[in-house]
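My numbering numbers the first residue of the sequence shown as 1 and each following residue consecutively.
The set of hints was computed from the structure by calculation and includes no laboratory data. Since we're looking at a predicted model, the values are computed, not measured. Virtual Cβ for every residue (Gly too), placed ideally from N, Cα, C. Any given hint could be a false lead.
Only pairs whose alpha carbons sit at most 30 angstroms apart, straight line, appear in this in silico DSSO-like list of lysine-lysine [stated by the list, open to error]:
#	residue 1	residue 2
1	Lys20	Lys72
2	Lys102	Lys3
3	Lys102	Lys142
4	Lys88	Lys11
5	Lys88	Lys3
6	Lys20	Lys87
Between beta-carbon pairs, the in silico distance windows are [what the hints assert, rightly or not]:
#	residue 1	residue 2	range
7	Ser33	Thr71	28 to 38 angstroms
8	His156	Gly118	29 to 39 angstroms
9	Pro82	Ala104	29 to 39 angstroms
10	Ile95	Gly18	16 to 26 angstroms
11	Arg63	Glu128	11 to 21 angstroms
12	His110	Arg63	37 to 47 angstroms
13	Pro61	Lys142	22 to 32 angstroms
14	Glu25	His48	30 to 40 angstroms
15	Gly118	Lys142	31 to 41 angstroms
16	Ile109	Glu47	46 to 56 angstroms
17	Glu113	Glu78	33 to 43 angstroms
18	Gly107	Pro82	39 to 49 angstroms
19	Thr143	His48	50 to 60 angstroms
20	Lys88	His48	31 to 41 angstroms
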Amino acid sequence: MTKIHRIVEVKLDTGSIGVKSADIEVERHRAISDLLDENHFRLAEPEHAEGPYRLYLSLSPDRMVMLVGCTKTGHEAEIPLPLTVLKKHISDYVIVCDNFYKTARAGEIHRLEAIDAGRRSIHDEAAELIAEILENKVILDKTTARRLFSLLYVLHMRGTPTII
């Protein structure tokens, strides 16, 4: 991974995303830290829009908007990620994560492996879909797409966080 083809900063629009409970804020911080720790991200166009990149995220009811800024050139691009196509994945992921958390708290260890396999499968499918949606705008690897989905999931959390 080159140092220029990566996201080095993520900021959230608190007006559209808002502040949640302390537990959820911890999960948001973890999702952002994971994304910053390991990612491969590059704007597809224009060619001179080199990174590293800053990412500013905002939410509306039907999309997450990524404002991508190039730290080297100052170029900015607004990239919408429609949530309607990801709605089922987000919903299913919330349910599976809630089940995983409840099962873990109940001590039903024998069920955790199967639930976690389902969780990973949904996560992978959603990451592939994100990569497809963004393919003409952004070049990213599977890990980065997975971490973007994790962040999207955390931004939609309402109650007590579940395991990502």
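Honestly, which of those hints from before does the structure not fit? 1, 2, 5, 7, 8, 15 and 19
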